[in-house]
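Trainee: What follows is the residue order along each chain.
Protein chains: 2
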Amino acid sequence: MSKADSLFNKHKELLAKACDAIQERGHWLPYPEIPSGKIYGETAKQEGKEAFESSLNQPFIVKGPQPQGRVGVEVSPYTGELGISYDQYNAEDLIMTAKQALPAWRDAGPAARVGVCAEILERLNKRSFEIGNATMHTTGQGFAMAFQAGGPHAQDRGLEAVATAWLMMSKVPVSSTWNKPQGKHDPLLMSKKYHIVPRGIAMVVACSTFPTWNTYPGLFASLVTGNPVIIKPHSQAVLPVAITVQVCQQVLEECGFDPCLVQMAPEGHEVGIAQALATHPDMKIIDYTGGNHFGDWLSENARQARIYKEQAGVNTVLIDSLPSLKRSAQNLAFALSLYSGQMCTTPQAVLIPKTGIETDEGQMSFDQVADYLCNTIKKFLSDPERAISVLGAIPNPATVARLEAAESLGKVRLASESHPVPGFENALYRTPLVLEVEGTDAAWQQEQFGPISFLVAVEDTDQGLQLISEAVANKGAITFAVYSQDEAILDKAEQVAIEQGVALSCNLDGGVFVNQAAAFSDFHATGNNPAANASLTDVAFVADRYAVVQSRRHMVSE
Amino acid sequence: MSKADSLFNKHKELLAKACDAIQERGHWLPYPEIPSGKIYGETAKQEGKEAFESSLNQPFIVKGPQPQGRVGVEVSPYTGELGISYDQYNAEDLIMTAKQALPAWRDAGPAARVGVCAEILERLNKRSFEIGNATMHTTGQGFAMAFQAGGPHAQDRGLEAVATAWLMMSKVPVSSTWNKPQGKHDPLLMSKKYHIVPRGIAMVVACSTFPTWNTYPGLFASLVTGNPVIIKPHSQAVLPVAITVQVCQQVLEECGFDPCLVQMAPEGHEVGIAQALATHPDMKIIDYTGGNHFGDWLSENARQARIYKEQAGVNTVLIDSLPSLKRSAQNLAFALSLYSGQMCTTPQAVLIPKTGIETDEGQMSFDQVADYLCNTIKKFLSDPERAISVLGAIPNPATVARLEAAESLGKVRLASESHPVPGFENALYRTPLVLEVEGTDAAWQQEQFGPISFLVAVEDTDQGLQLISEAVANKGAITFAVYSQDEAILDKAEQVAIEQGVALSCNLDGGVFVNQAAAFSDFHATGNNPAANASLTDVAFVADRYAVVQSRRHMVSE
Numbered sequence: 001m002s003k004a005d006s007l008f009n010k011h012k013e014l015l016a017k018a019c020d021a022i023q024e025r026g027h028w029l030p031y032p033e034i035p036s037g038k039i040y041g042e043t044a045k046q047e048g049k050e051a052f053e054s055s056l057n058q059p060f061i062v063k064g065p066q067p068q069g070r071v072g073v074e075v076s077p078y079t080g081e082l083g084i085s086y087d088q089y090n091a092e093d094l095i096m097t098a099k100q101a102l103p104a105w106r107d108a109g110p111a112a113r114v115g116v117c118a119e120i121l122e123r124l125n126k127r128s129f130e131i132g133n134a135t136m137h138t139t140g141q142g143f144a145m146a147f148q149a150g151g152p153h154a155q156d157r158g159l160e161a162v163a164t165a166w167l168m169m170s171k172v173p174v175s176s177t178w179n180k181p182q183g184k185h186d187p188l189l190m191s192k193k194y195h196i197v198p199r200g201i202a203m204v205v206a207c208s209t210f211p212t213w214n215t216y217p218g219l220f221a222s223l224v225t226g227n228p229v230i231i232k233p234h235s236q237a238v239l240p241v242a243i244t245v246q247v248c249q250q251v252l253e254e255c256g257f258d259p260c261l262v263q264m265a266p267e268g269h270e271v272g273i274a275q276a277l278a279t280h281p282d283m284k285i286i287d288y289t290g291g292n293h294f295g296d297w298l299s300e301n302a303r304q305a306r307i308y309k310e311q312a313g314v315n316t317v318l319i320d321s322l323p324s325l326k327r328s329a330q331n332l333a334f335a336l337s338l339y340s341g342q343m344c345t346t347p348q349a350v351l352i353p354k355t356g357i358e359t360d361e362g363q364m365s366f367d368q369v370a371d372y373l374c375n376t377i378k379k380f381l382s383d384p385e386r387a388i389s390v391l392g393a394i395p396n397p398a399t400v401a402r403l404e405a406a407e408s409l410g411k412v413r414l415a416s417e418s419h420p421v422p423g424f425e426n427a428l429y430r431t432p433l434v435l436e437v438e439g440t441d442a443a444w445q446q447e448q449f450g451p452i453s454f455l456v457a458v459e460d461t462d463q464g465l466q467l468i469s470e471a472v473a474n475k476g477a478i479t480f481a482v483y484s485q486d487e488a489i490l491d492k493a494e495q496v497a498i499e500q501g502v503a504l505s506c507n508l509d510g511g512v513f514v515n516q517a518a519a520f521s522d523f524h525a526t527g528n529n530p531a532a533n534a535s536l537t538d539v540a541f542v543a544d545r546y547a548v549v550q551s552r553r554h555m556v557s558e
Numbered sequence: 001m002s003k004a005d006s007l008f009n010k011h012k013e014l015l016a017k018a019c020d021a022i023q024e025r026g027h028w029l030p031y032p033e034i035p036s037g038k039i040y041g042e043t044a045k046q047e048g049k050e051a052f053e054s055s056l057n058q059p060f061i062v063k064g065p066q067p068q069g070r071v072g073v074e075v076s077p078y079t080g081e082l083g084i085s086y087d088q089y090n091a092e093d094l095i096m097t098a099k100q101a102l103p104a105w106r107d108a109g110p111a112a113r114v115g116v117c118a119e120i121l122e123r124l125n126k127r128s129f130e131i132g133n134a135t136m137h138t139t140g141q142g143f144a145m146a147f148q149a150g151g152p153h154a155q156d157r158g159l160e161a162v163a164t165a166w167l168m169m170s171k172v173p174v175s176s177t178w179n180k181p182q183g184k185h186d187p188l189l190m191s192k193k194y195h196i197v198p199r200g201i202a203m204v205v206a207c208s209t210f211p212t213w214n215t216y217p218g219l220f221a222s223l224v225t226g227n228p229v230i231i232k233p234h235s236q237a238v239l240p241v242a243i244t245v246q247v248c249q250q251v252l253e254e255c256g257f258d259p260c261l262v263q264m265a266p267e268g269h270e271v272g273i274a275q276a277l278a279t280h281p282d283m284k285i286i287d288y289t290g291g292n293h294f295g296d297w298l299s300e301n302a303r304q305a306r307i308y309k310e311q312a313g314v315n316t317v318l319i320d321s322l323p324s325l326k327r328s329a330q331n332l333a334f335a336l337s338l339y340s341g342q343m344c345t346t347p348q349a350v351l352i353p354k355t356g357i358e359t360d361e362g363q364m365s366f367d368q369v370a371d372y373l374c375n376t377i378k379k380f381l382s383d384p385e386r387a388i389s390v391l392g393a394i395p396n397p398a399t400v401a402r403l404e405a406a407e408s409l410g411k412v413r414l415a416s417e418s419h420p421v422p423g424f425e426n427a428l429y430r431t432p433l434v435l436e437v438e439g440t441d442a443a444w445q446q447e448q449f450g451p452i453s454f455l456v457a458v459e460d461t462d463q464g465l466q467l468i469s470e471a472v473a474n475k476g477a478i479t480f481a482v483y484s485q486d487e488a489i490l491d492k493a494e495q496v497a498i499e500q501g502v503a504l505s506c507n508l509d510g511g512v513f514v515n516q517a518a519a520f521s522d523f524h525a526t527g528n529n530p531a532a533n534a535s536l537t538d539v540a541f542v543a544d545r546y547a548v549v550q551s552r553r554h555m556v557s558e
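As you go down the protein sequences, you meet chains B and Y in turn.
Under the UniProt record's numbering, the residues of the first sequence are numbered 1 to 558, in order.
Under the UniProt record's numbering, the residues of the second sequence are numbered 1 to 558, in order.
It should be emphasised that the hints constitute simulated quantities derived from the structure, not laboratory data.
Treat the hints loosely; a few may be bogus.
As the list makes no split between identical chains, a pair holds if one copy fits it or if it spans any two.
[Claimed, not checked] Simulated pairs of lysine-lysine, DSSO-like, Cα-Cα distance not exceeding 27 Å:
id, residue 1, residue 2
1, K10, K49
2, K38, K49
3, K38, K63
4, K99, K38
5, K379, K326
6, K3, K475
7, K326, K378
8, K354, K411
Working from the sequences, and respecting the hints, build out all of it.
Mentor: Quick look at the structure:
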C-alpha cells in the first residue's frame, strides 16, 4: 500500500464524518476552535509564537522552479516590517513545473489524493498557533480571531471541500460491466473504465484579510480533484500562505509526489505575476477573493479558465421590530465591530423605519434606536483590551483613508476614534464610524470596505425590503439579517433572500453573528448574486474541477 | 398532495433505478429502444405516422407570449416541404413570460419538479413513433435511427439529467438543527432552512441533426433544477422540438404550473432570436450544440450566462493491428456510414501505419487495409434498403456541397455515390467518400462534417498516437477508437485518452459502435477538450444550474 493510500485509511473515519456532516448540516467542527493548551498541548501557544518569530527577518523557503529574485513587503500593523523574504518566479516556470507534477498526482486517484489532503490539514492544524500569529501580524486581526479564522476555521473549510469532492468522485465507479441482452443471441458484454481527470493547472488568488480561510476551499477543491495549484498571495499577507505551502509540500514529498504540486507566486507592490498566470493557456481554474477591479479583469481576460470569485457586496440588516432590544443591539455591535468591518460578511447598512419600531422595551423612534445602537457599540468598545481583540489593527492605509473620507457620506452618529493598541506602542486601532443616511442615498448602496456603517432611515419595512432587494440585485451581498417579531415580515424577508440569492439570518441576539458562517452547516455565499459567482462549499464549487474520461472494450462472455 | 407530488410517487421507483444506474454505469435503459408493436402497442406505429402526417401543412400551436408572426421552412429530404408553421415571438416577451412562470416552479421544490419531468418523459415516450417520423423528416435519418435517437435514446438522456440533478438536490437537507455545545452554558441552537434556487432563465439552442437527443439533457437539467427553459430550434428541425414543447406544456398545465415554463423560439432562415435571447441579462444558462462559429460567438457575447457547449471536433481511429479483420472492418463500415457521418461521434480519420499491420488473416500492407475497408463499406451499402436505413438522406445542401468539394482533399479511395431513395422518388442518398492522405496533411485534422472519411497513412503507431493527441488537443474530439492486439499499445492509447480528455473505445468488432454512447453508462464527451466544455451527463452538467439559499434563526432550547 502506498503512503498516500495508507493516509486515506488513517483519515477514513474523519472523512466519513465530514461526508455525513455535509449532508446533515448540523454543528460539526473537525478542528478544535479554542486555542487551549488542553487541546493543542500546553506548550503549543508558546511554540507557535516562537515559530512565527523565528521566521522574521529572514528568507522563508518553499520549493519551486528557479528563483528569479526575492521579495517581501509585509508590515505588521502591530510591530512594523516583518522582514521576511520569499523567492519569486517566472509565471511560465511555475506553470511548467506544475505540468510536470500533474500526471503522477492524477494517476494516484481520488482516494490517495484525499488521504494526502486530509494529512495536510492535520499538519496545518498542528501549526495553528504559528498560523494564528502569522495571520494576526499580516491581517491585523486580534489573536483570538486570527487563530480561529486563520487556523481551525480555515482548515474546516478545507476539509469541507475535500469531503464534498470525495462525495462526488467516489460516486463514479472505477469500472463497470455493461451487459446488454440480445434476445436469443449472446448478450453484448463490455468492460468499461472511468478515470477522474483534472482540468489542468489551478491558481488561487488569495486576499489580504483572510489569507487562509478564503484560500483553502479553492486550494483543496482543486488539489484533491487532481489539479496542481499555484497560490498568488497578497503582498501584505504572504506568511500564512507560505506556511500552508510548506506543509503541503512536506506531505506531498513524504508521499512520493512532486512537492511542486502546490507552489507560491509572491510579489511585492509591483503587479504582474497574477495576470501572467491567469491568462496562461494552461491555467484552467482560478479562485479569486478580492475587489471588483481585478475580478472583472479576470472575467474579461482569463477566458480560458473557469473562475470562482468572491467580490464586493453590500450586506444589510433590516430592523422591523426588536423582540429583544438589548441582546440584539449587543449582537449587532459585535457584528459591526468585528475585524473593523473588513469581513465580506460584515453588515454595512442597518435599515430602520423612520416612523420608529416596536421593541420589548416599548415603541422607539428612529433616533432612539440609532442612539441605542451607537451607545451599545461605544460601550462595547470602551475597554481597550476587548476593543483591540475584536477590532484588530487595520493593516491597509487605504482602508484608514477611506474611513477618514467617509465622514462626508452622511450625518455622523458615531465618530470613529483612534486609540493606541495596548502592548504595541506604535500601533493604533480604530472604532467604527456610524453614519445616518436616507434610504434613497447612494452612499450605503456601494461597498465601503472597513469600519464604516450606515443607519438608513427608510419609510417603512416594505420600502426597506425593496431597497435591500435592489441593492443585492445590483451590488450583490453575502449576508442579510432581519429583526422582526412578525412572522409575515420574516417570510417576506425569506422571499427576498430566495429571489436575490443571499443567505438570511433572523433575529440574531445570542452567540451567533451574521458575519459568521460555519463550515459543514452554512453555505458561504450562494453564487447567485453579484457578490460571488460560487458558494463555499457546494457541489458546483467542486464538480467542474475534474472530468471523467472513460474507455470501453468487449468482454468475452463466460 | 399536489398533482406534482403524486407524480413524484408515481415515478419514484423509476427514479431510484435511474439513480442506481448512474452510479453503477452498467446497461440500463428506461425507455424501450425497439420500435415494436408488442412494446408500444400494435397500433402505435401507424398512429405515430398519422399523427405526424396530420401536423403537415398547417400551424402547429404551442403556448407562448403574443405571437409576432408565423414561420416554417422545414424541408423533408424524403418528401419535400413540410408546410408546418409556428408562432414567432419577441425575445423580450419570451423572457418576461418565463420570469413570471419561475417563482411557483421554484417554490414547488425538487421532488415536485422531478415528478413533473418524469411524467413529461413518459408522455414523450408514448409519442416516440410520432417523434420518430418528425425526426426522420427533419434530420433525414432513416426511420429506425430516427425512432431510437429521437425517441427513447433522447428520453434516456433526459431522465439521466433528471436523476443526476435529483441525486445532488436531494443531498441538501430541507432543514437542519445546529446545536453547538457551550461548555457549562446552554448550547447554541439554531434551526436552518435550505432552498434550492434556480439560476434564472435557461435556453437550449438545438441542432438540426439531433433535435431531441442533444436538447433533452440541457432542457431537463435546467427545468428540474427550477429554471424556465426557452428552446431555440434549428429552422430545419422544429417539429421534434415543437412536439416536445407541447408535451412539456400539457403536463405542466395539468399540474397547475404555467405551461410557459417551457417555450419555443422558432425562426426561419433569418437569424436574430438566438442572439437576442442569449445576450439578455436574465439569460443565465445556455446549452448549445452546433458549429464553432456560433459557439464562439456565444462565449464572446453571452458573458452573463453559464454556457454548456458541444462544437466541432476531429474523431479518430488508430489501427495498430487487427485481431479480427473482418468483424472490425464491418464495425468500422457501419460506424463511418451511420447517418452519413453527421454524428458528433462519427470517426473522421482512420490512421494506419504505412508499413502495414498484422491481422488475424496475416500481415497486410496499408493499401490492402485501405482496400479491404473500402470494399467492406461498398458491400455493406450495396443493398439500397439497408443503405438508406443506415445513411439516411442528407437534409442540408451545404453538407452535400462540402462532400462534393472534398474530393480535392486527398486521393480518392472510395468515391461517393448518389442513389435514389427507395420509396421516395425525388430523394437521393449518398455513400461515403473515403480519401487517403498523409499524417502531416492538414485536411483530416479539421472537421469535415458529413460522409467524408480519411485514411491517414502514418509512419507508425507511435506517430499515429502523437498526431491524434495533437488533433484532439487542438481541435477537440468526442470519440477515439483504437485497434490493437498489443496491450502496451492499448495502454498508450488510454494514456492519450486521459491526457487529452477523450473517450476511448478499444477493438470494437461487434454490435457496439464508436458513435454510440449509452445513457447511464457512457459519458458523452468529457468537457476536457475543445469539442465540448461539458459532458452528458456528469455532476458538473447539473450542479451549477441551481444555488442553495439558506436562512437561520435561533431556537429556544427545550
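Trainee: Each hint: holds or not?
Mentor: Against the structure, the hints:
In this homomeric assembly, K10 and K49 never come within 27 Å of each other (Cα to Cα): the closest approach is 29 Å inside a single copy and 63 Å across copies. For the homomeric pair K38 and K49, the shortest alpha-carbon distance inside one copy (17 Å) is at most 27 Å, but the shortest distance between copies (79 Å) is not. Taking CA atoms no more than 27 Å apart as the test, K38 paired with K63 passes in neither setting, with 34 Å inside one copy and 68 Å between copies. Taking the shortest Cα distances, K99 and K38 never come within 27 Å of each other, neither inside one copy (43 Å) nor across copies (56 Å).
Only within a single protomer do K379 and K326 lie at most 27 Å apart by alpha-carbon distance; the minimum there is 12 Å, versus 90 Å between protomers. In this assembly of identical chains, the alpha carbons of K3 and K475 never lie at most 27 Å apart, being 48 Å within a copy and 39 Å across copies at closest. When the C-alpha separation of K326 and K378 is checked against a cutoff of 27 Å, the pair qualifies only within one copy, where the shortest distance is 14 Å, while the shortest distance between copies is 88 Å. In the homo-oligomer, the alpha carbons of K354 and K411 lie at most 27 Å apart inside one protomer (15 Å), although the nearest pairing across protomers, at 84 Å, exceeds that limit.
The structure is inconsistent with the numbered hints 1, 3, 4, 6, although it conforms to all the rest.
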